[in-house]
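Residue numbers (my numbering): 2 to 893.
Misleading hints may appear alongside valid ones.
[Said to hold, decoys possible] Pairs of lysine-lysine residues, derived as DSS-like cross-links and limited to a Cα-Cα distance of at most 30 Å, are as follows:
#, residue 1, residue 2
1, K823, K784
2, K721, K750
3, K187, K509
4, K563, K551
5, K809, K840
6, K92, K107
7, K246, K187
8, K438, K594
9, K187, K213
10, K521, K438
11, K53, K112
12, K145, K107
13, K240, K171
14, K889, K740
15, K76, K53
[Unchecked claim] Distance ranges between label pairs, derived from CB positions:
#, residue 1, residue 2, range
16, H64, T146, 41 to 49 Å
17, A543, N335, 50 to 58 Å
18, P94, R138, 31 to 39 Å
19, P458, R225, 38 to 46 Å
20, P50, V824, 24 to 32 Å
21, K481, E169, 48 to 56 Å
22, K809, E169, 50 to 58 Å
23, D845, D158, 57 to 65 Å
24, E441, K699, 53 to 61 Å
25, K107, T425, 54 to 62 Å
26, K481, A543, 50 to 58 Å
Bear in mind the hints are in silico, worked out from the structure with no lab data behind them. Glycine included, each C-beta is placed from N, C-alpha and C at the ideal position.
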Amino acid sequence: MNSNFNKAKLGLVVSGLVLLGASWVSLHYPENNRQGAENPKVDKLKLQPGFKAEHLYSISENHEGSWVSMTFDDKGRMIASDQYGGLYRLKIPAVGSGSTKPTVEKLVIAKDTSVGMGYAQGLLYAFNSLYVMVNNRPSKQFPKTSGLYRLQDTDGDDQFDKVTMMRELKGEGEHGPHSIVLSPDKQSLFVVAGNHTDVPQMDAYRLPSNWKEDNLFPLIKDPRGHANDRYAPGGWIAKIDPEGKRWELMGAGFRNEFDVAFNEAGDMFTYDSDMEWDFGLPWYRPTRICHVPSGAEFGWRTGNSKWLPGNPDNLPAIVNIGQGSPTNVMSGMNAKFPQKYRQSVFAFDWSFGIIYSIHLKPKGASYEGEREEFISGTPLPLTDGVIGPDGAMYFLTGGRRLESDLYRVYYGGNDANTSPLTPTLTAEHKLRTSLEKFHEGANPAAIAAAWPNLNHPDRFVRYAARIAVEHQPVAQWQEKALAETDPVRAIQAIVALARQGSADLKSKAIATLLKIDFNKLSEPQKFDVTRAFELIFLRMGAPEAADKAKIVAYLNPHFPAKSALLNRGLSKDLIYLEAPNVVNKTLALMDLKTEPGMKDLDLDPATASNDLILRNPQYGMDIAKMLAKVPPLQQTYYAVMLSREDAGWTPELRDKYFSWFGNAFKFEGGRSYVGFIDRARKLALQHVPKEQFEKYNKMSGADLLTSSGNDIVKSDYTPKGPGRRWTLENAVAAVDTGKIAPDFVTGKKIYAAVLCSSCHAMQGSGGDIGPDLTQLGTRFSNKDILDAIINPSKAVSDQYASTVFVMKNGQSVVGRLVNEDKVNYSISQNPFAASEIRKIPKKDVTSKRYSQESIMFPGLINSLNPQELRDLMAYLKSGGNQNNEVYKAGGK
2 MNSNFNKAKL
12 GLVVSGLVLL
22 GASWVSLHYP
32 ENNRQGAENP
42 KVDKLKLQPG
52 FKAEHLYSIS
62 ENHEGSWVSM
72 TFDDKGRMIA
82 SDQYGGLYRL
92 KIPAVGSGST
102 KPTVEKLVIA
112 KDTSVGMGYA
122 QGLLYAFNSL
132 YVMVNNRPSK
142 QFPKTSGLYR
152 LQDTDGDDQF
162 DKVTMMRELK
172 GEGEHGPHSI
182 VLSPDKQSLF
192 VVAGNHTDVP
202 QMDAYRLPSN
212 WKEDNLFPLI
222 KDPRGHANDR
232 YAPGGWIAKI
242 DPEGKRWELM
252 GAGFRNEFDV
262 AFNEAGDMFT
272 YDSDMEWDFG
282 LPWYRPTRIC
292 HVPSGAEFGW
302 RTGNSKWLPG
312 NPDNLPAIVN
322 IGQGSPTNVM
332 SGMNAKFPQK
342 YRQSVFAFDW
352 SFGIIYSIHL
362 KPKGASYEGE
372 REEFISGTPL
382 PLTDGVIGPD
392 GAMYFLTGGR
402 RLESDLYRVY
412 YGGNDANTSP
422 LTPTLTAEHK
432 LRTSLEKFHE
442 GANPAAIAAA
452 WPNLNHPDRF
462 VRYAARIAVE
472 HQPVAQWQEK
482 ALAETDPVRA
492 IQAIVALARQ
502 GSADLKSKAI
512 ATLLKIDFNK
522 LSEPQKFDVT
532 RAFELIFLRM
542 GAPEAADKAK
552 IVAYLNPHFP
562 AKSALLNRGL
572 SKDLIYLEAP
582 NVVNKTLALM
592 DLKTEPGMKD
602 LDLDPATASN
612 DLILRNPQYG
622 MDIAKMLAKV
632 PPLQQTYYAV
642 MLSREDAGWT
652 PELRDKYFSW
662 FGNAFKFEGG
672 RSYVGFIDRA
682 RKLALQHVPK
692 EQFEKYNKMS
702 GADLLTSSGN
712 DIVKSDYTPK
722 GPGRRWTLEN
732 AVAAVDTGKI
742 APDFVTGKKI
752 YAAVLCSSCH
762 AMQGSGGDIG
772 PDLTQLGTRF
782 SNKDILDAII
792 NPSKAVSDQY
802 ASTVFVMKNG
812 QSVVGRLVNE
822 DKVNYSISQN
832 PFAASEIRKI
842 PKKDVTSKRY
852 SQESIMFPGL
862 INSLNPQELR
872 DLMAYLKSGG
882 NQNNEVYKAG
892 GK
């Protein structure tokens, strides 16, 4: 047999060796919608009908780093930045010119090659200047600090010779300062920064600057330390003048929004990130598209303190996307595309390689959005994009020193529309924007204009009205708030007063809320009441005994409620107040597997998580594990809230409560799930009598945890490492030249630890997603086996390949086809729950293709040191037989 044939057969055996069928699924489609389809970098792209793609430039092959930001200058040239290097300028051939190869020059800034300029996560050419958002921790290589810089050509030689730091910003890294965007009227700039960037002193604040954490939930910071020193208001967006002299905060409360875009109505949108370590926890928020009006607050807070989207003092997303890593956002307004795409906002996901087209439809004062998969590919780590002067879409891939490329996508049909877009402005939209004028500061006309709209049925109007009120001197409206009799206006007014008023108004504010007939409110309005009480407690202080009793009498009869959202609000207030029977009522809710109205929490991702598993092995593995054993979100919420409760416990209630923790560790969540549950458990143990501590410590699962409390103690093997990025040459050398004989027991443990057994059978035991490996060592050499492990996509058997289904709605679905009938395809998407089958109606599928990428995670052995790799290889070659000759031969 020749070598290629051996490798092809080896693909039958080793394909899918690791559990996760998540490894960079390639998408293959008809060649009539792409240029140069023989180019695999283009061929992997999935496009909408009528669109064509070109691969313009390989940054990596030209050893120019990994580009993460781009802009076009006034001469139609592209300027781009390496994430950890300099700036480049490109002249790009026109579409249809017969060439796609750009001319590239590295820019020398101010003729100082030792300092230069770069490390930019944001670039914008405007006002005859190049604005550069440097995101950097100063070093010898690049001493510039993070901040906004302005580059100018003052002598007309087409080179930037003047560098001005407009503002130093404290923050760096992937949550540091990001983009600069031109305002819709082309008179100002918008600056975007993530939650690890301090808010600089502003000249004006559309969002009042007295932000706090504002959450009665027992604070548990991320057990793995992420963002533990970051507090309100999180990521932020500011508006500045071209000279950078005046800075105005427009909105905040994001986790890590990378970019913003404006539609034809001048409204701003962003794509905020999730915290994947929080998968399976009740405060997890998916990546989401946010409409960001004046004074917006979106409620990111550290650890488990993130606000619910339903809180009246923050705004909800218009589209929940799901897990991912948002990067670029841009408008299609100036694209030479069909009308629906010109009216879209495009959102880039780095993790899963998807450009979403968010189709916006006016809804009251805001929008509703519908997502469409506009472009996707695997791997396709999207970093930045822009609509070029020619109306084509240009985008970059790369980041984190990954392979980096420049693409162009344009429309080849005849129905492209380039005429100016006319915005659709509803009456509610006009009302909202009129109220936002009062967000600029004190205005004698503000109260008269805003107050009547505190009870407006549109949430965005109510929000704009309340922020307008909060910008006025509180003495002008506090008595009006306390005297308000309209229930909805009273709720919003007390929310404003709790945020802006003095503590001596506490009892009066409580009295105003107690006058509201709770039974006549809708479920969301009832929740708003619970939030108003919560803000009083947090901002004005704990209620006096008499007021406490009145609030308990007011709220307690309504708990439990009919909806999950209201139960969260009621349980939070009543547990804080130590209401009678609140422990038994809450524990009774913890018996429920689910509650009505869970979707009203607005935390469910719009993208089915299963659809993402097979797109990226690193993130997909976490998703797959979680979906196989999804934690009970609402139960977890109650359990954490009860951890602060000191009174109302009986031995039976305590037994039930602490037993819940022991069971909770059986579920799968993100990396911080176990740590969060453990810290809530420890908070609860503080309220246990000392003589009963050991009993409840053990009952609640202490024996299951590692010493750090961040992980479950497992009986299987944890690689000792240190790991490395194994290449075929280095791996073969390590296995063939090792001097220590391999150990069967260790090899068997490693085989399980790196998840081989989850997909493969050996000696009759293991999974069945991949082929049986018992006879592997009788057919293949060390080099062949290692090549298939390190480069799993070299040869993929159809028997074990994923299938890409192209749907009529423009989406794509990836899964392993396990069965089909006349009506449906049956696919498996989660290797951790292979028996869970999803049916796809054949009538909804336009085409299907095998993926040419393996379902095996390519970094399988990267956690192993040389001896561990040798132990694993010996076990694989032995077929699970301790008496195999491989052990007598030393593993070679």
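Okay, the hints, checked on the actual structure:
A distance of roughly 44 Å separates the Cα atoms of K823 and K784; the hinted pair therefore is violated under the 30 Å criterion. Of the pairs offered as hints, the one joining K721 and K750 holds, with about 12 Å between alpha carbons and a cut-off of 30 Å not exceeded. This hinted pair does not check out: K187 and K509 have alpha carbons roughly 47 Å apart, beyond 30 Å. For a cut-off of 30 Å, the pair hint linking K563 to K551 stands: about 22 Å separates their Cα positions.
Annotation: proposed proximity of K809 to K840 holds, straight-line Cα distance about 15 Å (limit 30 Å). With a CA separation close to 12 Å, the supplied pair K92 and K107 stays within the 30 Å bound. Simply put, K246 and K187 have alpha-carbon atoms about 17 Å apart, close enough for the 30 Å limit, and the pair holds. Straight-line distance between C-alpha atoms of K438 and K594 comes to about 47 Å, which puts the hinted pair past the 30 Å bound.
With a C-alpha separation of about 34 Å, the suggested pair K187 and K213 falls outside the 30 Å cut-off, and the hint is violated. Restraint check: the Cα-Cα separation between K521 and K438 comes to about 33 Å, which exceeds 30 Å; the hinted pair is violated. Pair hint K53 plus K112 does not hold up; C-alpha atoms about 40 Å apart against a cutoff of 30 Å. For the given pair, K145 sits about 18 Å from K107 by alpha-carbon distance, which is consistent with the 30 Å threshold.
Between K240 and K171 the alpha-carbon distance is near 18 Å, which keeps this suggested pair within the 30 Å criterion. Straight-line distance between C-alpha atoms of K889 and K740 comes to about 13 Å, which keeps the hinted pair within the 30 Å bound. At most 30 Å may separate the alpha-carbon atoms for a hinted pair to count; K76 and K53 meet this at roughly 25 Å. Range check, H64 to T146: Cβ separation about 27 Å, and the 41 to 49 Å hint is violated.
Our hint of 50 to 58 Å for A543 and N335 holds, since their Cβ atoms are close to 55 Å apart. Separated by about 38 Å at the C-beta atoms, P94 and R138 satisfy the suggested range of 31 to 39 Å. Separated by about 43 Å at the C-beta atoms, P458 and R225 satisfy the suggested range of 38 to 46 Å. About 25 Å separates the C-beta atoms of P50 and V824, a value consistent with the hinted range of 24 to 32 Å.
Separation of K481 from E169 is about 43 Å and departs from the stated range, judged on CB atoms against 48 to 56 Å. For K809 and E169, the hinted distance range of 50 to 58 Å is satisfied, since their beta carbons lie about 52 Å from each other. In this structure the supplied range 57 to 65 Å holds for D845 paired with D158, their Cβ-Cβ distance being about 58 Å. The supplied range of 53 to 61 Å is met by E441 and K699, whose beta-carbon atoms lie about 59 Å from each other.
Distance hint for K107 and T425: a CB-CB separation of about 45 Å, inconsistent with the stated range 54 to 62 Å. For the pair K481 and A543, the beta carbons lie near 26 Å from each other, so the given range of 50 to 58 Å is not met.
Consistency with the previously given hints fails for numbers 1, 3, 8, 9, 10, 11, 16, 21, 25 and 26, ordered from lowest to highest.
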